[in-house]
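> The primary structure of each chain is shown beneath.
There are 2 protein chains.
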Amino acid sequence: MKIAVDAMGGDNAPEEIVKGVAEARESLPDTEFILYGKKEEIEKYMTDFKNIKIVHTDEMITMEDEPVKAIRRKKNSSMVLAAQAVKNGDADAVFSAGNTGALLAAGLFIIGRIKGLDRPGMTATLPSLAGNNDNFTMLDVGANAESKAKNLHDFAILGNFYGTNVMHVTNPRIALLNNGTEYDKGDKIHKEAYQLLKNDESINFIGNIESRELLNGTADVVVTDGFTGNAVLKNIEGTALSMLKLVKETIMNSGVKGKMGGLLLKSAFSQIKEKMDYSKQGGAVLLGVKAPVVKAHGSSNANQVKNALIQEHEIVDSKLVKNLADYFEIHLQSIKQSEVDKENENN
Amino acid sequence: MKIAVDAMGGDNAPEEIVKGVAEARESLPDTEFILYGKKEEIEKYMTDFKNIKIVHTDEMITMEDEPVKAIRRKKNSSMVLAAQAVKNGDADAVFSAGNTGALLAAGLFIIGRIKGLDRPGMTATLPSLAGNNDNFTMLDVGANAESKAKNLHDFAILGNFYGTNVMHVTNPRIALLNNGTEYDKGDKIHKEAYQLLKNDESINFIGNIESRELLNGTADVVVTDGFTGNAVLKNIEGTALSMLKLVKETIMNSGVKGKMGGLLLKSAFSQIKEKMDYSKQGGAVLLGVKAPVVKAHGSSNANQVKNALIQEHEIVDSKLVKNLADYFEIHLQSIKQSEVDKENENN
Chain B
0 MKIAVDAMGG DNAPEEIVKG VAEARESLPD TEFILYGKKE EIEKYMTDFK
50 NIKIVHTDEM ITMEDEPVKA IRRKKNSSMV LAAQAVKNGD ADAVFSAGNT
100 GALLAAGLFI IGRIKGLDRP GMTATLPSLA GNNDNFTMLD VGANAESKAK
150 NLHDFAILGN FYGTNVMHVT NPRIALLNNG TEYDKGDKIH KEAYQLLKND
200 ESINFIGNIE SRELLNGTAD VVVTDGFTGN AVLKNIEGTA LSMLKLVKET
250 IMNSGVKGKM GGLLLKSAFS QIKEKMDYSK QGGAVLLGVK APVVKAHGSS
300 NANQVKNALI QEHEIVDSKL VKNLADYFEI HLQSIKQSEV DKENENN
Chain L
0 MKIAVDAMGG DNAPEEIVKG VAEARESLPD TEFILYGKKE EIEKYMTDFK
50 NIKIVHTDEM ITMEDEPVKA IRRKKNSSMV LAAQAVKNGD ADAVFSAGNT
100 GALLAAGLFI IGRIKGLDRP GMTATLPSLA GNNDNFTMLD VGANAESKAK
150 NLHDFAILGN FYGTNVMHVT NPRIALLNNG TEYDKGDKIH KEAYQLLKND
200 ESINFIGNIE SRELLNGTAD VVVTDGFTGN AVLKNIEGTA LSMLKLVKET
250 IMNSGVKGKM GGLLLKSAFS QIKEKMDYSK QGGAVLLGVK APVVKAHGSS
300 NANQVKNALI QEHEIVDSKL VKNLADYFEI HLQSIKQSEV DKENENN
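Protein sequences appear in the order of chains B and L.
Under numbering that gives the first Met the number 0, the residues of the first sequence are numbered 0 to 346, in order.
Under numbering that gives the first Met the number 0, the residues of the second sequence are numbered 0 to 346, in order.
Source of the hints: derived by calculation from the structure; they are not laboratory data.
These numbers were taken from a predicted model, which means no experiment stands behind them.
Hints may contain errors.
Copies of the same chain look alike in the list, so a pair counts if it fits in one copy or across any two.
SDA-like cross-link-like pairs, simulated, lysine to any residue; straight-line CA separation at most 25 Å [claimed, not checked]:
(1) 244 with 199
(2) 274 with 249
(3) 38 with 297
(4) 279 with 243
(5) 289 with 199
(6) 190 with 108
(7) 184 with 67
(8) 18 with 61
Could you put the whole structure together from the sequences, leaning on the hints where they help?
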């Protein structure tokens, strides 16, 4: 297996990226990593070249670059070259911790969408603090700012394959994030999406879920439009951090007793941070393009890069993309038909 | 002042409602409370009738009732009669802990919108865990499932008046909840709303805010569409509770040391719950109708009912509704014009 790595993407690139690759290499002896970026800088952090190949380029995409423009104009950037390698069949998957929008654009315009799918979705895997499974997958968390009901239905299908093949959940429970649990809740798009999901017998749709319930392990796959999904994902991060901070401050300000308690609880807190750290689950996956595209958090350290690469290896191994492509190939006709019908309704 | 109270709305009605009214009465000697509901049940929980009048009705709206139908058909329900009293000038404001959708419908169809305003917005006041102010107000948190850019602009104006007159913040910092801080982030509606807010010199617009930042005291008023606002509000509740639960469980499962710590931290935890309990701030306010409409959480106890009634008294005192009506009266022409312009753009 070959994974194309954008060695220059991310706040801690190339150091943490290169170190993460070196760590992942130990767990993935069958994998060759092709690192794209500044050769001399990359080599600074390498001990040996076992299973690692460097393709030198001076150009890179920054966090400030306008995504689509950057992909079109910076043809020799480390990210574009990594995506191009996948497109050309020189690699099986692409990894980056860089500009998310640019990576989405690279996935769409260089690697390309799976035939029959309008919009890819970006996943995030989050901890379930109750229930039988340790975590759940939510999509779309930001690949699309606007979504139609049909896109939400496609996200459910993508999520169902991801849950089954990569998360190894049997018949994953799929829920639609909505502003109420009743079937008739939400705006026009979510009402329509509910019906599409309810009528799709190929998925285990359990109905609407409210954002209050997300961390309670009620669903294995949560389907949402990219705008709401992005808001909720960032809100979980922010609220969880704020709460831990609040608990700490309250302890420290509640006198000696509290301070003692604080010391005693140090280990408890590190356990909690560990549990909430969803980068353990790897990166965000762009589902619906012709090859696995994994995006690690911009601030990722070597360990998080390693986790994301191991996850990406799992995705390639699982033949997820081929299964998705076959599915949409088969359903292409019926999907096209339903689009035609919807057009007619709307006109 | 007279406040019309739906005594039968909420999970703990009428007991906690009646007890809450009795408590509020002590802090609000100038206020008469008109309680609508089953006389004999209400009287069970009353010690005396000072400043309290009961209007008997057997009919009530349940949590299961379809909002608009319920308002139209249950003409003698406690909620409809309370709203009708405000409409008829027999009361200055209406309070309910009952069916939120029905209360929205009552506000819209019985009390009526302020002239010149298309859509009222529902507020929630949440704690700021950092920064100079103790809390911030977010709207719309669910009055509307679909919103146009103009509605978001109106929510900012409503929020600006609320922040100034009721929260007593000078020149409140107003931010737009979006999926990135840059001006060009979000879907079409949020991009358009950003421009409307930026060009409105009557408000202190500080730009986009991401949901990650909400609890950090960055803004005094957060403007959002009702669908995203509802999702984020419920997500803050759910994540905060999950985190406290997780901290407790981790303590309890981390051995004797942990258990000791847990005991030592009991007080810290109650302080935190106190800080996060935004019902302290009162209920949700439906802004943009011709009289104050306050909705307390369905599970409210007497103390939370009391807080919401004191807040409602403050709103009536502040002449908020009159100020809003005057504002929209004056701006009616220009608003209509901008609507015409928008129509033309769209066609």
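> Does each hint hold? Answer for all of them.
Do the hints match the structure? See the list:
no. : hint         : in the structure
1   : 244 with 199 : neither (43 Å within a copy, 36 Å between copies)
2   : 274 with 249 : both (22 Å within a copy, 10 Å between copies)
3   : 38 with 297  : within (21 Å within a copy, 62 Å between copies)
4   : 279 with 243 : both (19 Å within a copy, 21 Å between copies)
5   : 289 with 199 : within (24 Å within a copy, 45 Å between copies)
6   : 190 with 108 : between (31 Å within a copy, 24 Å between copies)
7   : 184 with 67  : between (35 Å within a copy, 14 Å between copies)
8   : 18 with 61   : within (21 Å within a copy, 60 Å between copies)
The structure does not agree with numbered hint 1 stated previously, though it agrees with all others.
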